[in-house]
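Spelled out, the chains give:
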Amino acid sequence: MALKVENLTVYYQTLRGDVRALEHASFQLADGEIMGLAGESGCGKTTLGHSLIVLFPPMKYISGRVEVDGEEIPIWDAEGMNTHRFRKISLIPQYAMNAMNPIRKIGVMIRELLESRGVHYKDILPELKRRLDLVALPHEVLKMYPIELSGGMKQRMVMVISSLLNPSLLIADEITSALDVATQKAVAEMLVEFRDREFVKNLIVITHDISILYQIADSILIMYAGVLAEKAPTRSIIESPRHPYTRLLISALPEVGVRFAEKRLQGIPGNPPLLLNPPTGCRFRERCPLAYERCLEEPPFIEVERDHFVACWKEYENHAQAG
Amino acid sequence: MLRLDKVSKIYRVGAFGGRALLAVNKVSFEVHKGQVVSLIGESGSGKSTIGKMILRLLNASEGKIFYNGEDIAGFEGEALKNYYRQVQGVFQDPFSSYNPIFKADRIFKVVHEEFFPQVSDAEWGERVEKALSSVGLNPAHVLNKYPHQLSGGQLQRFLIARALLLNISFLVADEIISMLDASTRIDVLNLLADLKAYGLSILFITHDLSLAYYISERAVILYKGNIVEQGAVEKIFNTPLHPYTRMLMESVPRLDRKWEKEITLVERDVENLRRGCPYYHRCPVAEKRCAVDQPPLVEVDEDHWVACVHYESGADLVKPLSLAGQDTRTVV
Amino acid sequence: MKKRSEVLYFTLRNKKLLIGSGIILFFLILALIGPTFTKYKPLEYASPRGAEPPSTHFWMGTTFFGQDVFSQFVNGLRATFVVGLLGGGLGTLVGMLIGFTAGYRGGIVDEILNAFTNIVLVIPTLAVLLIIAAYLQVRSLLMECLFIGLTAWPWVARAIRAQTFSLRTREFVDLAKLSGMKPLRIIRDEIAPNMMSYLVLVFILQFGGAILTAATLDFIGLGPTNTISLGLMMQYAVLWGALPFGMWWWFVPPGLAITAIVGALYSMNVGLDEIFNPKLREI
Amino acid sequence: MRRYLIRKMVIYALTFFLAVTIDWLIPRFMPGDPIRNMLTRVSVASNATAIQMMYDYYARLFGLDLPLWQQYLNFWKALFQGDLGISTYLFPTPVVDVLKRAVPYDVFLLVPAVLLGWYTGNKFGAFAARSKRLDNFVLPISYILTATPYMWLGILMAWFFGIVIGIFPIAGAYSFSLRPTWSVTFLLDLLHHWFLPFASLFIIEFGGWAIGMRNMIIYELEAEYSRYLNALGAPKSLVRKYAFDNAILPQITGLALKLGVIVAGALVTEVVFSYPGIGYLLLAAIQNQDYFLIQGCFLFIVLGVLIANFVIDLVYLVVDPRTRRGMVGESA
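Residue numbers (the working numbering), protein chains in the order written: chain A, 1 to 323; chain B, 1 to 332; chain C, 1 to 283; chain D, 1 to 332.
These are calculated hints, taken from the structure and not from any lab test.
Keep in mind it's a predicted model, so treat the numbers as computed, not measured.
Glycine is no exception: its CB is placed at the ideal position from the N, C-alpha and C atoms.
One or more hints might be untrue.
[To be verified] Per label pair, the in silico range of CB-to-CB distance:
1) C:Met196 / A:Asp18: 31 to 37 angstroms
2) C:Asp189 / A:Asp133: 54 to 60 angstroms
3) B:Phe116 / C:Asp189: 16 to 22 angstroms
[Claimed, not checked] Using 16 angstroms as the maximum straight-line C-alpha spacing, the simulated EDC-like pairs for lysine to aspartate or glutamate come out as follows:
4) C:Lys182 / B:Glu76
5) B:Lys130 / B:Glu114
6) B:Lys145 / B:Glu123
7) D:Lys236 / A:Asp77
8) A:Lys314 / A:Glu293
9) A:Lys263 / B:Glu217
10) C:Lys177 / B:Glu76
11) D:Lys100 / D:Asp83
12) D:Lys241 / A:Glu115
13) B:Lys81 / B:Asp105
14) B:Lys224 / B:Glu76
15) D:Lys8 / C:Glu111
16) A:Lys60 / A:Glu71
17) B:Lys64 / B:Glu30
18) C:Lys182 / B:Glu113
19) B:Lys26 / B:Glu76
20) A:Lys105 / D:Asp245
21) A:Lys263 / B:Asp194
22) A:Lys4 / A:Glu189
23) A:Lys4 / A:Glu72
24) B:Lys258 / A:Glu239
25) A:Lys4 / A:Asp31
26) C:Lys182 / B:Glu78
27) D:Lys236 / A:Glu239
28) C:Lys182 / B:Glu114
29) A:Lys129 / A:Glu140
30) A:Lys88 / A:Glu71
31) D:Lys241 / D:Glu224
32) B:Lys258 / A:Asp218
33) D:Lys241 / A:Glu72
34) C:Lys177 / B:Glu129
35) B:Lys103 / C:Asp189
36) C:Lys177 / B:Glu114
37) B:Lys81 / B:Asp71
38) B:Lys258 / A:Asp307
39) D:Lys236 / A:Glu112
40) A:Lys60 / A:Glu79
Please model the complete structure; the sequences and the hints are all you need to start from.
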């Protein structure tokens, strides 16, 4: 089992108290699985992704275990995690456009970074050059400064750097949102190729754009207001979602081919709850058309079908009767 | 209603205006009464610049913009104010459209002071509440609150309510829903579509093809400040002709179709782009002449225009150029 | 918590701001009521025995010529605050004017004003002041404030130009234009209020800067010819051998006052900056 | 990169031109006849003929009888020939020679104080930002230091080290009994006199730069490239090194901009220690109404600052790659 997360809870310290950004998240990734992590802004997907590698203040670790390739990693220990960072777990940040030191040649930065982690630059150089070819970047880019590269080139450069030590888990945080469509597609497909060539064993792709995940992810985890709503293989999330929130979310996405005149799509009324003191029970309760008295109690995140997990009492009961 | 005639915008960049940057290049299109036209282009295509020129926030370097037949460049003082009584804009970032130190509903007070001083406060209060409920907001929940206490969706609806108060006839919506979440985005879009029923014509500026298809009747596709294709939305989306439009259609991630595997990314470095077709440096089917002269916009089908050498002859329905199988992957 | 009360909440708790404003208040009161307690005029030869250490009669002792140091000190303080207020104020005003116009207008106007600002910035302002002051026989305190104000504005202009530029591109300014507001009203109602907190910070720095420049000018002997000032006190002290004779009460208080006032101003500035921009609050 | 240099040269040339013009303008627009004012105060000789002779001499020197523009040209011509007139205070030595004797002391005092103060201040500022305890200790002291008027610190140090402990001389550049020769004793004595003025200037500079760096490095440590290094498990030392290298750049341009203030500080420090640099000379010139010497000092100061600025710009060019390639760094 490549990645195992149990009951992960992380809060955000703010001036007005702790925002309960992520609560008792539990899920697993099989070897080679690319998991899409989606949800609306403020649902906690970034908190989940970052807590696996960069759990720095103002994020506060509360509870939970994380295992990568069977070995528990101390995500609460910012210093201790250094040994795992970059080698076992790596991150392609959202701010990839200016993630590289502006006043260092890119090659020099990579060398200094690698040597600071005890890796000799000349051993890695041939592999680095091969990967530059793979992402269509000229080798001269190593002698250039970040400012001389276009947005798309910088994005791909950071992808190569982050995955250079073949980490077991690579987390990509909203890496396609700032790109034009053509480069977006190229970058997304390169991610898949990194997995196929086993540069990385697993990928977590954090994005709000579900249609990108449909193209490249094996499974999708939907989050709502700090808790896991549903995790399932991509096809079943899109075509047969079980959680009411996922169903409404998918139906609210305008697809090319849907015209206002013919079919008036429906949004989800109301707003997600503030997580300073979230509501008890199921957090989608106020906006959910199927809400009933049992929703006052927090629904468990259970496997109703092979690899199909959902946190909703309605589904729980259907599963219990069928089971 | 609104017509752009060869409108261009040239920016002076570099020290003491050394270099000239062509942001918009001889753009012409029309928006008729009660029609929704979407202006589609990626960042840097000049779509927002066009929006700002229509709203007179920027002056056109060349060409003219006509509103009901009058050249808007000539409007000054009262005439400009009158123009703003009929043409308004809503912008992309809801939180940047509000002055943070005032309450959100101050925008109504400003409209009251500037455009309807003669209307009494009580009467104005009623109009505001009517406008707010017609955009799906409960006045009690949203009035006298600071912008940071309202959600993005609510703030955008505020701006639409403001436009309703002026009962404008033309709205420039510049990426108004790109900052909103999927669930609230659709409701704001439906709201815009409902306004059409009041006879409101809308220029919907966006980079998202599916949104444009959902709401507009005609589409104008921009690339680096030039119109590459325009026409009826079904035609453009079902039979895209220009290589750029086709690339857009193929690259946009969809929920019903997987991407074709091949990556047709081409990159020719072109010294100065002034001459020739703007898409030459990335076009997989470009020819020598494409680098020399810029192809004009030609009507190849009823209300379906394209600017590409491959459709020069203006023959009737030309077989759409097949791009599949062009796996030319060079430097990007 | 509404935004307005949140700022108030932190203002009252910010140590740096409280200490700073406390010190300023102390010296301000001393400057205002001090002169009423003095027994002698600042330059009056009060003690026949010349230099005397501080005593019950002469709280701060006397100078080489027997002048009452305390009287010189409080009157000097008054001059310092006037220079700070007027000189700093003028510098901020001129800077605001140029900064706003350059930031809001943009284009060629911005290019010219910016080049001019950079030029005045590079010229060592003190050298220019020296020349002007040297030629003017009669120099009043107001003239000194004028000189300081007219040479201190580049820093302000640069800061405000950048701020106006960032605010100008914000969409609420476009919306104001669409609402038919005139440019002047836009600057007054939309841009300026947003920068109020920033203007306060800039003024505080200008206030301190004016005091330091004035002290330097006075020390070289180019200060006002008709009034006493802390810088002048220090110059007399050095010229008339206060050091070899160990007359510390003559040169320590003026310098200490200036350092305390300017230091307190910087402390207020940091405190206010922390309130308005929480990132600097803790490392 | 070339454009960056040209822009700088243009600004410095303009600045020098403006400074010289001010220098030429001031005496001519001051109330009353400058030469009459000068002579009455200098009261060189009692009888009329001597005064008249002096008056004619200076009238010819000032060239008041010539038309204005010709005076201006003569002024520039004289400037380039290095003829800045005759000093009345140290009659008849030309101003240029007087200044030539003073400049070495200035350079000897200023350059080490400024550079060392800048370097150690920045290093210490970066070090202080490392831990909260250090920061709470260093910050207040640095703020007090920068608030201290240059001359007051000079006075205190002269009084404490010079008088109370008496281990340092507090006047002149070397003891009067010695003649300037290259002997070790003379050099030691020179350093002995040099130390206090150097120390007082150094300490104030140190405080200023420490604060500047402390604030800058906090921002840089939260910059995105720092967060990325942390995400890749880079050791604290590497992150701090990069943050320092980026934070030092604005400090370089800051040094260029602050030169004017630093020079002023040096002037007064020289006055306190009667250290024979331009500052001390200037005080004497002012007290003796020697206008030519004043103007000479002014030009030397301005020239010095401009040259220093240009040198710093060149250094900035070498250190910040962004100005060499791509974007034109226009911070100064």
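Evaluation of the provided hints:
1. C:Met196 / A:Asp18: 31 to 37 angstroms: About 33 angstroms separates the Cβ atoms of C:Met196 and A:Asp18, which means 31 to 37 angstroms holds.
2. C:Asp189 / A:Asp133: 54 to 60 angstroms: Between C:Asp189 and A:Asp133, where Cβ atoms are some 58 angstroms apart, the hint holds.
3. B:Phe116 / C:Asp189: 16 to 22 angstroms: 19 angstroms, holds
4. C:Lys182 / B:Glu76: 12 angstroms, holds
5. B:Lys130 / B:Glu114: 20 angstroms, violated
6. B:Lys145 / B:Glu123: Outside the cut-off at roughly 21 angstroms; violated.
7. D:Lys236 / A:Asp77: Status holds; Cα separation ~15 angstroms.
8. A:Lys314 / A:Glu293: Status holds; Cα separation ~11 angstroms.
9. A:Lys263 / B:Glu217: 15 angstroms, holds
10. C:Lys177 / B:Glu76: Roughly 13 angstroms between the alpha carbons, so the hint for C:Lys177 and B:Glu76 holds.
11. D:Lys100 / D:Asp83: 12 angstroms, holds
12. D:Lys241 / A:Glu115: 14 angstroms, holds
13. B:Lys81 / B:Asp105: Outside the cut-off at roughly 21 angstroms; violated.
14. B:Lys224 / B:Glu76: 31 angstroms, violated
15. D:Lys8 / C:Glu111: With a Cα-Cα distance of about 14 angstroms, the restraint between D:Lys8 and C:Glu111 holds, given a limit of 16 angstroms.
16. A:Lys60 / A:Glu71: 22 angstroms, violated
17. B:Lys64 / B:Glu30: 12 angstroms, holds
18. C:Lys182 / B:Glu113: Holds - the C-alpha atoms of B:Glu113 and C:Lys182 are around 13 angstroms apart, at most 16 angstroms.
19. B:Lys26 / B:Glu76: 24 angstroms, violated
20. A:Lys105 / D:Asp245: 13 angstroms, holds
21. A:Lys263 / B:Asp194: Answer holds: A:Lys263 to B:Asp194 is near 13 angstroms, not above 16 angstroms.
22. A:Lys4 / A:Glu189: Not satisfied, since the Cα-Cα distance of roughly 26 angstroms exceeds 16 angstroms.
23. A:Lys4 / A:Glu72: The hint holds at about 9 angstroms.
24. B:Lys258 / A:Glu239: With a Cα-Cα distance of about 14 angstroms, the restraint between B:Lys258 and A:Glu239 holds, given a limit of 16 angstroms.
25. A:Lys4 / A:Asp31: With Cα atoms ~11 angstroms apart, A:Lys4 and A:Asp31 stay inside 16 angstroms; holds.
26. C:Lys182 / B:Glu78: Holds, because 12 angstroms separates the two Cα atoms, which is no more than 16 angstroms.
27. D:Lys236 / A:Glu239: 48 angstroms, violated
28. C:Lys182 / B:Glu114: Since the Cα atoms of C:Lys182 and B:Glu114 sit roughly 10 angstroms apart, the hinted pair holds (cutoff 16 angstroms).
29. A:Lys129 / A:Glu140: Distance ~10 angstroms between A:Lys129 and A:Glu140 Cα, so the pair holds.
30. A:Lys88 / A:Glu71: Satisfied, since the Cα-Cα distance of roughly 10 angstroms is no more than 16 angstroms.
31. D:Lys241 / D:Glu224: Answer holds: D:Lys241 to D:Glu224 is near 15 angstroms, not above 16 angstroms.
32. B:Lys258 / A:Asp218: It holds: about 13 angstroms lies between the C-alpha atoms, which stays within 16 angstroms.
33. D:Lys241 / A:Glu72: Answer violated: D:Lys241 to A:Glu72 is near 32 angstroms, above 16 angstroms.
34. C:Lys177 / B:Glu129: 24 angstroms, violated
35. B:Lys103 / C:Asp189: Measuring from Cα to Cα gives roughly 13 angstroms; hence the hint holds.
36. C:Lys177 / B:Glu114: 11 angstroms, holds
37. B:Lys81 / B:Asp71: 15 angstroms, holds
38. B:Lys258 / A:Asp307: 22 angstroms, violated
39. D:Lys236 / A:Glu112: Holds, at about 13 angstroms.
40. A:Lys60 / A:Glu79: 15 angstroms, holds
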